[in-house]
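S.K.: Listed here are the chains, written in short residue letters.
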Amino acid sequence: MAKIVRTKSKALGGITPEEKARMDEHAKLWISRAMRTDPIEPDKIIPAIEGLYQIAGLKKPRVVIVPSPLVMAYAYGASAAIWHARKNPGKTDAATYAATYAATDAATYAATYAATYAATYAATDAATYAATYAATDAATYAATYAATAAATDAATDAATYAATYAATRAATDDATDAKLAAQACFDMAGPLGIECAKRWWNVYHGGNMWAGYDCYMTSCRDILGLELREHAGYAFWEQAAIHGGFRVMHEEFCLVSDFPEIIRKDEENRPHCETGPSHRWRDGWSLYHWHGVRIPAEWIEDRKSLTPTIALGQQNMELRRAACEILGWASILSDLNAKTIDHDDDPQIGDLVEVTLPDLPQPAKFLRVRCGTGREFAIGIPPHINKALDAQAWIIGLDPKDFQRPEVRA
Amino acid sequence: MKSFQKIAAQGEITIRRIGDVPTKCGTVSGIPLTLERGKLIIGHSETGHHHVLERASGAAVTVLDRAPEGMRILHAILAEPNKLIHERGHDTHETIELPPGEYEFRIAREFDHYAELARQSAD
Numbered sequence: 001m002a003k004i005v006r007t008k009s010k011a012l013g014g015i016t017p018e019e020k021a022r023m024d025e026h027a028k029l030w031i032s033r034a035m036r037t038d039p040i041e042p043d044k045i046i047p048a049i050e051g052l053y054q055i056a057g058l059k060k061p062r063v064v065i066v067p068s069p070l071v072m073a074y075a076y077g078a079s080a081a082i083w084h085a086r087k088n089p090g091k092t093d094a095a096t097y098a099a100t101y102a103a104t105d106a107a108t109y110a111a112t113y114a115a116t117y118a119a120t121y122a123a124t125d126a127a128t129y130a131a132t133y134a135a136t137d138a139a140t141y142a143a144t145y146a147a148t149a150a151a152t153d154a155a156t157d158a159a160t161y162a163a164t165y166a167a168t169r170a171a172t173d174d175a176t177d178a179k180l181a182a183q184a185c186f187d188m189a190g191p192l193g194i195e196c197a198k199r200w201w202n203v204y205h206g207g208n209m210w211a212g213y214d215c216y217m218t219s220c221r222d223i224l225g226l227e228l229r230e231h232a233g234y235a236f237w238e239q240a241a242i243h244g245g246f247r248v249m250h251e252e253f254c255l256v257s258d259f260p261e262i263i264r265k266d267e268e269n270r271p272h273c274e275t276g277p278s279h280r281w282r283d284g285w286s287l288y289h290w291h292g293v294r295i296p297a298e299w300i301e302d303r304k305s306l307t308p309t310i311a312l313g314q315q316n317m318e319l320r321r322a323a324c325e326i327l328g329w330a331s332i333l334s335d336l337n338a339k340t341i342d343h344d345d346d347p348q349i350g351d352l353v354e355v356t357l358p359d360l361p362q363p364a365k366f367l368r369v370r371c372g373t374g375r376e377f378a379i380g381i382p383p384h385i386n387k388a389l390d391a392q393a394w395i396i397g398l399d400p401k402d403f404q405r406p407e408v409r410a
Numbered sequence: 411m412k413s414f415q416k417i418a419a420q421g422e423i424t425i426r427r428i429g430d431v432p433t434k435c436g437t438v439s440g441i442p443l444t445l446e447r448g449k450l451i452i453g454h455s456e457t458g459h460h461h462v463l464e465r466a467s468g469a470a471v472t473v474l475d476r477a478p479e480g481m482r483i484l485h486a487i488l489a490e491p492n493k494l495i496h497e498r499g500h501d502t503h504e505t506i507e508l509p510p511g512e513y514e515f516r517i518a519r520e521f522d523h524y525a526e527l528a529r530q531s532a533d
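Taken in order, these protein sequences are the chains called Z and G. Residues in the first sequence are numbered consecutively from 1, following the working numbering. Residues in the second sequence are numbered consecutively from 411, following the working numbering.
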């Protein structure tokens with residue numbers, strides 16, 4: 001093993017078991033920050049944002065806290081368009097505008113994020129970098145990315161969809177929060193406001209939901225002992241990551257989103273909730289997910305609206321699977337006139353059935369079975385199995401010859 | 411509460427009694443199951459309705475590391491009387507009595523026709 005070197009400017013030779021253990025705890029801290037659901041604290045986030053602008057050489061911005069990423073997108077669109085119109089009378093080219101104001105992001109990025117990363121990278125050798133990165137950035141990223149990226153993507157999709165709606169004035173559907181927000185943006189700032197709202201990504205930072213990077217940076221500083229000149233500027237970025245959600249950075253203003261009040265996910269850290277939104281912000285804006293797949297709110301909030309026909313009619317395979325799982329495969333099979341290919345008199349062993357499902361080259365097999373509580377389930381079975389008992393053996397990972405019927409089923 | 415001699419099932423969990431508590435400590439290849447909020451969770455539920463051992467004391471549970479695709483298999487030595495409890499207020503699977511002994515818990519799997527792979531069953 002290479003010799004471990006630790007100075008204020010160098011961390012070489014990999015990491016020690018003790019450092020790894022501390023990094024594991026450090027990752028947990030940043031994961032908890034990424035999943036934060038208590039309200040944003042203005043007295044902590046505003047100085048952090050002002051500090052970011054200061055070290056990037058930008059003037060002090062007006063910092064506004066908004067209740068959700070959706071409001072952020074439209075408030076940004078309207079505000080940016082209005083500022084642009086004031087500074088560029090007669091010019092309304094949105095592309096020019098977006099390119100100009102992305103410079104705010106570039107300035108703060110160069111002064112903090114990238115600068116600190118580059119300095120930290122230079123101060124560590126490959127072994128130390130790889131081990132530290134795996135224990136911090138990658139670990140935090142893996143634990144948070146699905147839930148946080150899904151929220152970001154969904155916010156963008158919703159904003160873009162609603163913006164398109166507002167721009168075309170296709171007022172045919174029921175009003176939603178997103179459409180109302182888009183309408184407000186349009187009313188205040190016209191088509192340019194909508195165009196700016198659709199481009200909020202240009203000036204977007206992830207705040208607490210980019211916790212993986214911050215976990216890596218702070219572990220190099222706090223656990224490996226690096227003390228770099230760049231850490232002074234990074235301190236503001238770090239505080240913004242601890243105390244704020246998504247943000248958009250304009251040269252005149254910075255909008256920072258509050259944290260969600262609800263984040264629900266499954267055991268694989270995918271956004272998921274069977275009984276309500278996976279994410280909800282304090283203004284009520286919500287996202288719904290089924291094991292990471294974004295689904296319409298009504299599939300959860302109004303279960304009766306989801307029918308087998310709607311479920312199997314979904315063109316998107318992930319959406320279709322999510323819908324089938326929400327309905328329950330037993331309901332789907334009943335609706336599809338499943339063909340029984342093997343029957344066992346014991347309903348807890350069940351019937352092996354096959355059905356034709358959209359986009360599958362061969363019929364899909366399911367074991368329709370009653371559980372110990374008396375409820376009916378349909379369990380997916382591989383194509384090579386032709387007997388209900390063999391299916392029961394496969395379900396618990398046994399060869400059919402080793403399978404024994406349980407004496408009791410609770 | 412239900413009791414059994416050899417094989418029982420509680421929802422998606424199949425329980426096999428291997429024998430009495432071993433007199434010699436053998437080696438089980440796998441990872442010790444860690445406590446979650448003070449409990450040994452045998453079967454996780456996405457809705458929080460886990461299948462748990464009533465008591466962690468006297469229980470040594472290992473997650474086997476060579477389970478078939480999509481499966482989760484646990485090995486347990488219960489030195490003291492225990493119970494497998496389903497933590498749900500509705501459609502609850504009845505509690506199963508677990509006298510001291512050596513056990514195997516097999517968490518069921520299902521086949522995902524669209525993904526063409528086996529995955530752990532979830533409720």
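It should be emphasised that the hints constitute simulated quantities derived from the structure, not laboratory data. Among these hints, one or two may not hold up.
Which residues of chain G face chain Z? A partial, calculated answer using Cβ under 10 Å [to be verified]:
no.	residue
1	Phe414
2	Val473
3	Glu479
4	Arg516
Sample of chain G residues with no beta-carbon within 12 Å of chain Z, all distances over it, derived [stated by the list, open to error]:
no.	residue
5	Gly429
6	Asp430
7	Ser439
8	Leu450
9	Ala477
10	Glu490
11	Ile517
12	Ala525
Where is the CB? At the ideal position from N, CA and C, for every residue including glycine.
S.K.: Any hints this thing doesn't respect? Which numbers, in order?
M.R.: Hints 2, 9, 11, 12 not satisfied by this model.
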